[in-house]
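Protein chains: 2
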Amino acid sequence: MTVSRRTMLKGGLAAGAAMAAPAVAREGTARTERWGVHELVFDGPAQGNPFVDVELAATFESSGRSIRVPGFYDGEGVYRIRFSPPEEGRWTWRSESNAAALAGQTGAFDCTAPGPGNHGPVRVSDDGFHFVHADGTPFRQIGTTAYSWALQSDAKCAETLATLKRAPFNKMRMLVFPNVQSVATDPFARTGTGPRDWDPARFDPAYFRRFEDRIVRLGELGIEADVILFHPYDKARGYSAMARTDDERYVRYAAARWGAYRNLWWSMANEYDAVESKTVADWDHLFQVLVVADPHQRLRSIHQLHLYYDHRKPWITHASIQNGAAVLDDIRAALHRDFAQKPVIFDEVVYEGNSAARWANLSGEEMVERFWWGLVGGTYVGHSETYAADRNPDFSWLGQGGSLQGSSAPRLAFLKRIMEEGPVPGIDPIQHLWNYHLGGRDGDYYLHYFGSAAPTEWRLSLPVKKGEPLYCYRVDIIDTWNMTVTPVEGPFAMARRDDYDVHDPARPTIALPGKPWIAVRVRRA
Amino acid sequence: MTVSRRTMLKGGLAAGAAMAAPAVAREGTARTERWGVHELVFDGPAQGNPFVDVELAATFESSGRSIRVPGFYDGEGVYRIRFSPPEEGRWTWRSESNAAALAGQTGAFDCTAPGPGNHGPVRVSDDGFHFVHADGTPFRQIGTTAYSWALQSDAKCAETLATLKRAPFNKMRMLVFPNVQSVATDPFARTGTGPRDWDPARFDPAYFRRFEDRIVRLGELGIEADVILFHPYDKARGYSAMARTDDERYVRYAAARWGAYRNLWWSMANEYDAVESKTVADWDHLFQVLVVADPHQRLRSIHQLHLYYDHRKPWITHASIQNGAAVLDDIRAALHRDFAQKPVIFDEVVYEGNSAARWANLSGEEMVERFWWGLVGGTYVGHSETYAADRNPDFSWLGQGGSLQGSSAPRLAFLKRIMEEGPVPGIDPIQHLWNYHLGGRDGDYYLHYFGSAAPTEWRLSLPVKKGEPLYCYRVDIIDTWNMTVTPVEGPFAMARRDDYDVHDPARPTIALPGKPWIAVRVRRA
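From first to last, the protein sequence lines stand for chains A and B.
Using our numbering, the first residue of the first sequence is number 1, and each one after it goes up by one.
Using our numbering, the first residue of the second sequence is number 1, and each one after it goes up by one.
Errors might be hidden in some of the hints.
Given that identical chains are not distinguished, each listed pair holds provided it fits within a single copy or across any two copies.
[As the list claims (entries may be wrong)] Below are the DSS-like pairs computed for lysine-lysine, each with C-alpha atoms no more than 30 Å apart in a straight line:
id	residue 1	residue 2
1	K235	K465
2	K313	K515
3	K342	K278
4	K313	K342
None of these hints come from the bench; they were simulated from the model.
Remember, it's a predicted structure, so these values are computed and weren't measured experimentally.
Work the whole structure out from these sequences, hints included.
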């Protein structure tokens with residue numbers, strides 16, 4: 001991701017809230033690619049508490065479209081407004097502010113065609129259950145979680161990024177507020193040395209600048225940054241127990257700083273129902289604040305411990321679910337689509353690792369299994385792992401990032417290849433209300449998964465409505481663990497078996513290798 | 001159910017809208033039991049269209065509580081107001097109407113203790129996932145469906161009631177508008193002989209009177225009447241495609257007529273998403289009309305074909321679900337509670353029968369199986385059967401009632417006995433998010449079901465949090481089909497097995513009979 005930095009030079013007068021006449025805006029080069037970040041930089045008042053005192057926004061206009069983008073204070077008298085232009089062409093802008101130095105400034109820039117690899121932000125697909133980039137490229141979610149990776153040392157962050165470069169993951173769940181030992185520990189200005197000695201009304205710009213650098217670097221790798229705004233694991237610091245006004249200010253600040261990054265997703269909270277100080281009504285309120293604060297309308301969800309959030313609520317773009325058992329059966333997974341009527345990501349399904357804790361000791365096989373059940377159910381799954389030398393997950397990939405020790409990642413890369421060879425924008429469950437264990441597209445593509453079962457044959461029988469045309473299919477046997485695709489000889493010519501199903505009467509069953517982790521793929525010839 | 005009929009005698013003047021002075025109300029005996037029906041009868045205007053022209057209600061007051069109850073026109077100048085008193089004591093009332101003959105009348109009655117067998121209406125239990133009667137008696141739902149049973153001949157209805165008297169069912173799903181061949185066919189006044197020749201603004205009181213007689217007779221058998229207001233199967237008549245005003249009038253009329261019956265449940269529609277003329281917003285609107293129209297606040301839900309309604313909506317008291325596959329796995333069933341956060345009834349799970357259609361050909365074993373999976377998942381299930389001489393489900397129990405030919409009913413009676421011996425108010429899934437297949441109450445009661453599997457042993461291992469006390473348990477092996485309960489010799493003394501589970505180290509497994517349809521019940525000794 002290329003960030004166009006567009007500096008508004010200081011006016012001739014000293015910056016200050018009391019300054020009556022606005023500085024004249026001067027612009028350098030004026031070119032930002034579509035879905036890139038066009039950043040305006042202003043000098044303004046530094047006295048008082050600019051985080052609270054100063055309001056700043058700019059309205060961008062192009063071809064009759066108008067988008068109002070809030071700005072933010074970045075410390076030391078510097079203000080920024082970040083805008084990601086959704087369309088090519090000439091955009092003009094005008095600032096507004098309660099600080100005269102920042103108000104009434106104007107400018108313009110040209111939005112150019114997106115550069116290589118820039119497919120635009122991820123959106124929900126038109127069918128409502130999958131993801132696509134703004135340019136139509138499918139986004140096949142293979143997520144991972146490294147909660148506080150972005151808060152580690154630059155060296156550790158570099159290690160994490162190098163790991164990700166070689167890994168299949170295209171979404172990273174990451175906390176703003178630290179949950180494990182970190183190098184960056186203070187999102188707010190310190191007022192003393194105690195854990196509660198911080199001022200919720202004064203952000204530490206360096207902390208946020210550092211965090212957004214990690215967002216940008218993920219973007220450079222084509223990885224979505226699923227930024228988690230709140231979590232319940234900071235009781236000592238109390239970031240999840242701020243006053244409502246402070247929560248609102250924080251949400252608005254995050255939205256203004258990061259909403260323009262096209263790889264940004266919002267997760268309002270991790271395990272929201274474990275945050276004792278907030279009710280569902282509080283979370284609903286913060287979503288409403290976020291909807292208004294983020295003109296870029298990045299994807300929004302929230303992740304639970306026990307109490308499923310109502311993902312039908314209009315501000316939710318997709319369901320983010322913690323449930324390891326739901327992805328041990330494609331139909332359980334598919335039911336979540338019926339519930340949410342939106343794309344479903346099982347962002348937490350228990351982790352690969354060697355911990356004694358049951359949430360952290362999946363084998364690689366078990367980790368990969370969950371992805372396959374989820375895929376056949378028309379949903380998406382997230383990975384993480386907890387391997388650590390001292391078996392303390394805090395120091396694992398899950399906690400801090402770094403390197404991977406598990407065995408699932410190559411198999412998830414293989415799975416991603418299978419996804420990419422599959423239907424666009426994704427796989428849907430096929431007649432799961434009738435207990436079929438099939439994902440795909442009616443008539444075109446069928447995927448069946450056996451998990452840990454090791455059958456030696458499978459009856460190939462596909463649900464096809466009466467009157468629908470009958471086709472020939474080619475079949476592949478997929479070893480999801482050993483990463484092989486073995487075509488079955490010759491086509492299967494379908495004929496009606498009964499009122500509901502079709503099969504090839506000449507070869508009603510397929511021989512299977514009698515090993516676990518097998519899938520069968522049936523594609524129209 | 002005893003209906004107290006309280007007649008308001010005619011005034012000295014001829015009834016009529018133009019009548020200026022209200023008739024003086026005279027009352028006979030004045031005693032109605034708690035949760036019974038206190039009915040006021042008025043003579044009023046018969047000219048014009050009283051269904052549209054005349055508004056009538058009465059406000060009932062007792063001990064500072066005030067309840068406004070709409071009345072309805074019952075034809076031939078007769079108006080009725082039906083009130084089910086929620087508390088014992090003296091109740092006074094005053095009528096209001098735009099017809100002078102009906103306005104300003106007053107009266108009083110004494111609400112006495114409920115009679116034998118009167119446990120009051122069914123409500124959602126305090127824990128939010130089960131049902132209890134108003135007096136606290138648990139209601140263990142074992143439903144059935146006979147869509148148009150109430151519209152058949154008196155002889156056929158008597159046969160249905162006699163069948164129900166011997167059957168375990170305590171809830172009957174029934175349509176107001178016919179879906180199969182019926183004796184009562186015209187809920188609205190006919191205006192000609194064609195299928196569409198009826199006036200949506202004029203109800204046929206005889207049709208509704210007949211229908212409510214069936215509601216009352218179900219109540220006498222202790223059976224809840226789950227009355228389905230709309231359905232998509234009447235395209236020739238078009239009852240599901242009325243104008244909004246007509247829909248509203250109909251909902252209000254049904255609420256005024258039937259809301260006072262304590263065994264009344266509202267199902268807004270069967271397969272709502274197959275009603276082409278209505279959107280989800282239309283259904284939402286009709287629920288809001290119903291909430292206002294029914295001061296008795298009877299239970300409310302809606303049943304779907306494919307598109308799950310959002311049962312989190314505030315006017316929904318419980319989820320009514322059609323899904324046969326969901327009750328082939330207790331965890332699939334339990335997920336519906338996670339989504340709805342309300343009691344869940346799988347009102348349609350495919351029917352027992354011998355039809356060629358896949359929705360109508362379960363064996364008795366398969367029908368019963370679905371109830372057990374649902375039970376272990378903390379939910380409830382509904383039965384019906386489609387056996388008919390000519391294999392046409394229209395003429396089966398499902399369509400018309402009558403007698404049962406299937407083999408599930410005695411096993412559902414046995415299941416009900418198991419439910420009644422179980423926890424109050426019902427069984428909850430236990431750690432289903434951790435893939436345990438257990439229903440019950442932590443520490444007290446555990447139920448596990450094997451379905452069609454026929455294991456010869458089971459490892460008894462119960463999830464118990466660290467620090468929780470350890471108990472001794474007695475175990476029963478339940479043959480759900482042959483209806484036997486076989487105690488396992490001696491108690492099981494629990495000790496910790498690991499951080500999550502407890503077991504009896506001396507006897508970690510239980511021998512099972514190697515037959516299908518077995519359950520194991522574990523109760524604290």
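Hints versus structure:
Taking CA atoms no more than 30 Å apart as the test, K235 paired with K465 passes between copies only; the shortest distance there is 23 Å, against 56 Å inside one copy. For the homomeric pair K313 and K515, neither the shortest alpha-carbon distance inside one copy (43 Å) nor that between copies (46 Å) is at most 30 Å. Within a single copy, K342 and K278 get their C-alpha atoms as close as 25 Å, and across copies as close as 22 Å, so both meet the 30 Å cut-off. In this homomeric assembly, K313 and K342 come within 30 Å of each other (Cα to Cα) both inside a single copy, at 10 Å, and across copies, at 17 Å.
Consistency with the previously given hints fails for number 2 only.
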